[in-house]
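Student: Given next are the chains, with one letter for each unit.
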Amino acid sequence: MSGTLAASGLSVRYETPHGSVHALRHVDIEAHPGEVIGIVGESGCGKSTLVTALANLLPANARIDGAIRYNGVDLAKLDAHRQRLLRGDEIALVGQDPMTAFNPVLTIGDQLVDFQHHRKDLSRTLKRARIAAMLARVGIADAERRMRSYPHELSGGMRQRVAIAAALLTDPGLLIADEPTTALDVTMEAQIIHLLRELRREYNGIVIVVSHHLGVIAELCDRVYVMYAGEVVEGGEVDAIFHDPRHPYTQALLACDPARFHDRLDRLPTIPGSLPSLIQPPPGCVYAPRCGKAFAPCKTIAPPLVKLTACHAARCYVATP
Amino acid sequence: MSPLLAVEDLSVSFGRSSLLDRLINPFPLPGFNVVDDVTLSLMPAETLGLVGESGSGKTTLARTILGLVRAAAGRIVFEGREVATPSDFRAMRRRSAMMFQDPVASLSPRLRVSTLLTEPQVIQGLPMQDRRAAAKALLALVGLPASFVDRFPHELSGGQARRVGVARALAMKPRLLLADEPTAGLDVSVQGDVLNLIGELKRELGFATMIVTHNLAMIRHVSDRLAIMYLGRLVETGPTQEVFSAPLHPYTATLIRSEPIPDPRRRSHNLAITGEIPSVFRRPSGCEFHTRCPLVQSRCKTEAPIYRPMGAGRLVRCHFPLQTGGREREAVSRASANPRGN
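Chain order of the listed sequences is V and R. Its first residue numbered 1, the first sequence is counted upward by one per residue in my numbering. Its first residue numbered 1, the second sequence is counted upward by one per residue in my numbering.
Read the hints as simulated data drawn from the structure, not as lab findings. Backbone N, C-alpha and C define an ideal beta-carbon position, used for all residues, glycine too. Hints may be right or wrong, so weigh each one.
Interface residues of chain R toward chain V, partial, derived using beta-carbon atoms under 8 Å [stated by the list, open to error]:
id : residue
1  : V188
2  : D193
3  : L195
4  : L216
5  : M218
6  : R220
7  : H221
8  : Q241
9  : T254
10 : I261
11 : D263
12 : P264
13 : R265
14 : L271
15 : T274
16 : E276
One-sided excerpt, in silico: chain R residues whose CB lies under 10 Å from chain V [unchecked claim]:
id : residue
17 : A217
18 : T240
19 : E259
20 : P262
21 : R292
Based on the provided sequences and hints, a complete structural model is requested.
Tutor: See the structure below:
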């Protein structure tokens, strides 16, 4: 089963002793089956909050406004029991740290059997056969022997492959990969990117890739949402985002990536200033305090989402179609 | 001009058992070299990038140079004098500094910034009129407000903690700065900030820098020379621009090709490298890269290549180095067009 995912007007705030932290504000995102969606932004931009909201794993002090519709059902309004049924069946998560994704005292095989707990129709033998096939699918040689290994016996890259296999074993309609290559070396990173790209040919659900690494996003995704200080500031097809960015923050972020320059730069470009407080977000555009193109209304009135093309939009006064 | 720092045939061995161990355990594990036979030099005011994957021994090499890890063999020469005894290292550490990997963890959580910044002088017994004033001067050097002297490390952001780390490293006006992953964990917009700061201070104060990193995109812009490590050995050294434009060792070529490109129009469809970095416990025979090398030949499996000069200022450890012409490098991409990343 797979369906469309749409978050509309999604806001999340955390109640803390110092006040409410507005971690996510009026976020609209949409994903269709078969698409790979990228969410990119720097630390503090709210990408982790967005992902945890989608997976319904927000902590108790979080308050959600708006709707997350998946397959016509509003996830934010489900009771705990039905949320629990959805996770691990429809929604699967591949985390950043492949070391902590597994229980250290159980073998890989036993844990992957448990991952399929919702498949009541399969016997344990059938489940183990599925695991062996899936491990081979994600590029683990000698799958039978690996099923008897403990997590610490695998390297980081191999554990990440197993984590991807575990997620796929549940036949999810929505697969969320949160910084899937951040903990890996560059040669392993290339291999995991390659694997994810291969898998999407047969997988027809939604994949959401969250990363701060522009290279990973460019290599993997069809559409990209750029986040800054809790808002989606720009969204569009990957080519438009990388070759025709319209929001000043997207432009600045791309300009900062040293991987885009081949000749030696004497000074690396940076974004001056710092993130605004999320307890009292600025009344106008969140990026206005650091933006070179800001003018009077930017500081006082939040800009609307300007539709530039059919699927390219930026939250900026300066952007025009 | 003589080099500021010269490392000759340096090896570091872990897991070597002591006499007591051997008495208790009759079958001790053999020691293994995490850094093996490294020869390297650094000129005054030069920036060297030490690049490798995790487990390649790059951090251990940096720590050994400062005497934080004991070398099993080899020589370290700093400012023309050999550094061997603990007191030599102490004297050397007065003229050199290290920035550790984790910026927040390398600052003691219970000390204020003023104390942290002036600790090096106190430890080295340098006279200081006013600790707070000295700390404020150092903060000004790295572009932080003087009010930060009363802050604790947890009150700093990642970028600010890095700047405090830079200030502390420069407190003794070192001739040599060893920076271990100076940008790990920083956002791309802040990473440039820290590197620009180190670059500016370097021009102003004229120290030499060794940057240990796995971030190729960054090191390309900030280093004069590169040294690439694989399994504790250097496989290639050379001027940064030349190494990037025409790598000699297939490992260097695959590292450069593995880096994801932030351009969806230039997606790499072939995998540059497969397999994983072998363990130092079981070093492959012959050339250690042969298990993953796209251009492996039978000689590579049995005979270890020597580290030999090739062209001006370049060294490579390979029987069949890639030439500067385009043909061989095309061969790397074709040979590595393996559809499955295992």
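Student: Indicate, hint by hint, whether the structure satisfies it.
Tutor: For each hint, the structure was consulted:
no. : hint : in the structure
1   : V188 : holds (5 Å)
2   : D193 : holds (5 Å)
3   : L195 : holds (5 Å)
4   : L216 : holds (7 Å)
5   : M218 : holds (5 Å)
6   : R220 : holds (7 Å)
7   : H221 : holds (5 Å)
8   : Q241 : holds (7 Å)
9   : T254 : holds (7 Å)
10  : I261 : holds (6 Å)
11  : D263 : holds (6 Å)
12  : P264 : holds (4 Å)
13  : R265 : holds (7 Å)
14  : L271 : holds (5 Å)
15  : T274 : holds (7 Å)
16  : E276 : holds (5 Å)
17  : A217 : holds (4 Å)
18  : T240 : holds (7 Å)
19  : E259 : holds (6 Å)
20  : P262 : holds (4 Å)
21  : R292 : holds (8 Å)
In terms of the numbered hints stated before, the structure departs from none.
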